[in-house]
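Fit chain B to the given chain A structure using the hints.
Listed below, chain by chain, are the residues.
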Amino acid sequence: MRSRRTDPPGHEATVPIASRRELLVGLAGGTLAVAGTDLLSPSPAGAAVRTGRVTLDEFMELSEILTDNEFSLDDEPGALYLASLTSNPEFDEPLRRLVQDTVRADREPSTFNDVLRSGALRTEEAARTAQQILVLWYSGLVDDRTADYLEALAWQSLPFAEPPSTKLGFPKWDEAP
Amino acid sequence: MSPVATADVVIVGSGVAGALVADRLVRRGVSVVVLEAGPPVDRDRAVEIFRRATAKVPESPYPSTAHAPRPTVLDIGVPGTGYFVQEGPEPFGSTYERVVGGTTWHWLGSTPRLLPSDFEMKTRFGVGRDWPLTYADLEPYYVRAEKEMGVAGDGSEDQGSPRSAGFPMPAVPISFLDQVVARAARTIGLEVLSTPQARNTETYNDRHHCVGNSNCIPICPIGAKYDAVIHLDRAVENGARLISNAVVHEVLLRADGTARGVRFRRPDGTDHEVLGRAVVMAAHAIETPKILLMSNGGRGIANRSGQVGQNLMDHPIALSYALSAKDEPVYPQRGPLSTAGIESPRESPARGRRSAFRVEIGNDGWRFPIGDPTFEFTQGPFPQLREGGAALAARWEDHVSHELRFASLTEQLPDRANTITPAFDMLDDIGIPRPRIRFSIDAYTMAGFDDAQALHERLFGALRARERTHVPFTFGAGHIMGTTIMGTDPTTSVADGFGRSHDVPNLWILGSSLFPTCGTANPTLTLAALALRTEVALNAALPGLPAAA
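Listed in order, the protein sequences are those of chains A and B.
Whatever position you read off the first sequence (first residue = 1), add 16 for the working numbering.
Read in the working numbering, the second sequence has 345 at position 353, and its numbers run on one by one without any break.
Treat the hints loosely; a few may be bogus.
Unchecked claim - Restraint-style ranges between C-beta atoms, simulated for each label pair:
#1 B/E183 to A/D91: 23 to 29 Å
#2 B/D34 to A/R120: 29 to 35 Å
#3 B/A342 to A/P175: 41 to 47 Å
#4 B/S56 to A/N85: 39 to 45 Å
#5 A/L166 to B/D34: 16 to 22 Å
#6 B/D260 to A/T139: 56 to 62 Å
#7 B/L419 to A/R138: 21 to 27 Å
#8 B/L377 to A/T102: 17 to 23 Å
#9 A/N85 to B/S236: 47 to 53 Å
Claimed, not checked - Cβ-to-Cβ under 7 Å is the rule here; a few derived chain B residues that face chain A:
#10 T46
#11 Y127
#12 N205
#13 S206
#14 Q325
#15 T366
#16 A385
#17 Y436
No lab work stands behind these hints: they were computed from the structure.
The structure presented is a predicted model; accordingly, all values stated were derived computationally and were not measured.
In this text, a Cβ means the ideal position worked out from N, Cα and C, and glycines have one as well.
Chain A with its partners taken away, still in its complex shape:
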């Protein structure tokens, strides 16, 4: 890594791309949480919620709601994501509460905006838990391992691209898709 003396004229850096290298460094040292938990400052656990554990079906249902039912979500990585969330004190209780307020609610929301309107993401803990669920599904990464690369929503949500390595590719790439 090398410091430069000047920026090109007329330029203002807006995105912290330098931290891409820091990501690499962190991956090597195991000092960054791959699934992004380092983005999230630790939050107080809050009052204990007297709810049962979240089942995989409930987690999948919540995931589908948070993604507006736009994707076909696979419960195999889903089980890994659920296990990661429930083993993390930062997310375990808020996840139970989030499921209680959505999937188990009398009037179950059907979209992300419904969840927002219902107030289920009002607290910081709930909002960060929902964010983490989306990070997991989009990245396909959980607890320093890849749960699902080809089906990660970061790829599945791009109608013009294929996840690299599928061998499918494109008949042509010199025109707009």
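Frame of chain A, contents of chain B only:
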């Protein structure tokens, strides 16, 4: 110690240079043994490993074995980690593979030629060194190398390197993104040219054409991109013997100073020998000088000049990102990783005072250097708090569809202080010294780095690009060069213009370690052309060499 094999020619290293020479020699009836430190690679299995990797870096699909460790970009800049013993002042940022087929497994596939002026840096610009051969000397071998590797290109474009023959295949179509950049570049007087590349645009040598899966680095999933296994397989079919997991750590000398063969170590720690009439070092620009310096009881061989392991060079990358104008999506992630570039800065009028550079236009959006979009989701800015559903998917799609990336390859001058030496005090798991590297980037290169990013900024301006970012440090290009440079003077160079050692008459060196200067072209085609030229000279010299014993 009885030898495990004897051959006319012993080749150390199974990358593109060693593979091409092995293939040619065996077809002439010369017996050949190729030794490779690492294991073979199964493509489908490597693709699976790539998919499971958490960081999609160039090394992701390939094994790092205990007996043949290799550097990874994940280690760079992390003191005390990795295979390299980095002694600074700056980290050396390039890596390579130690597997059968070498680094052609994860190379980009771009095959521009050097320019005629690149061979005459001292004469024309007063810096660096002149090569002991001219562009005209190498040109027929460029043609052969392009045919062997299967290069696709547009012969009607003037890339600055005169051609005596057309390309073997029609050019890879430039991407939609390239075309958007080309229109903008034209408004500021710059021309975007298609990049010659060793990937098939039609069935060639029984291999499928490229389908643009944007994964040339780290692995082409279908083998449409050239890799050295193609020539290795053919060499073996024709009688060459390939010994993998054989870590050569010494060139053996006779009393008269000629090379007798090599000694290698197995993963179990046992040592063995292969003898030959000629020894060819083709282990790339870190391992080749390391082996030479480890030989002769650690006193080194072929080193009258004192320059084995010196003059380490790379093409330090100037990297810039931006988003295209809101009304002009560019749709990256379609096509090979790079299909076009801007070549005119390679002939910068300031050359001699400031590094020239070559602008590579990326088709992979903001994926460099991590290789997949997880960064944006694990380190921000996606998703924002209380963002989700279709709106999140739409914002992500909008972002990626506008992603632009330029990477310029700058030129480093040979500097004897940039070195790779065996770290006799830092051994790997089978007791072989790791590479100790001292490396810095001088003001000449950094001036070109500044010029490259200024040009990127002009391009972004012409593109009305948003969120412009110029990364304030260099990245390794993966172009390791210059550690056994060739020249006419045995006191200032390691090998002659044919790669033959000045000091050990039956020792040849292949690869980019021979480059006296590095120009701005991706080096693989040039080192392949040099290897084919060496093969002719080596074959002609064989009858006069001592018998293997």
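Check the structure against each numbered hint from earlier and tell me which ones fail, lowest number first. 1, 2, 7, 11, 17
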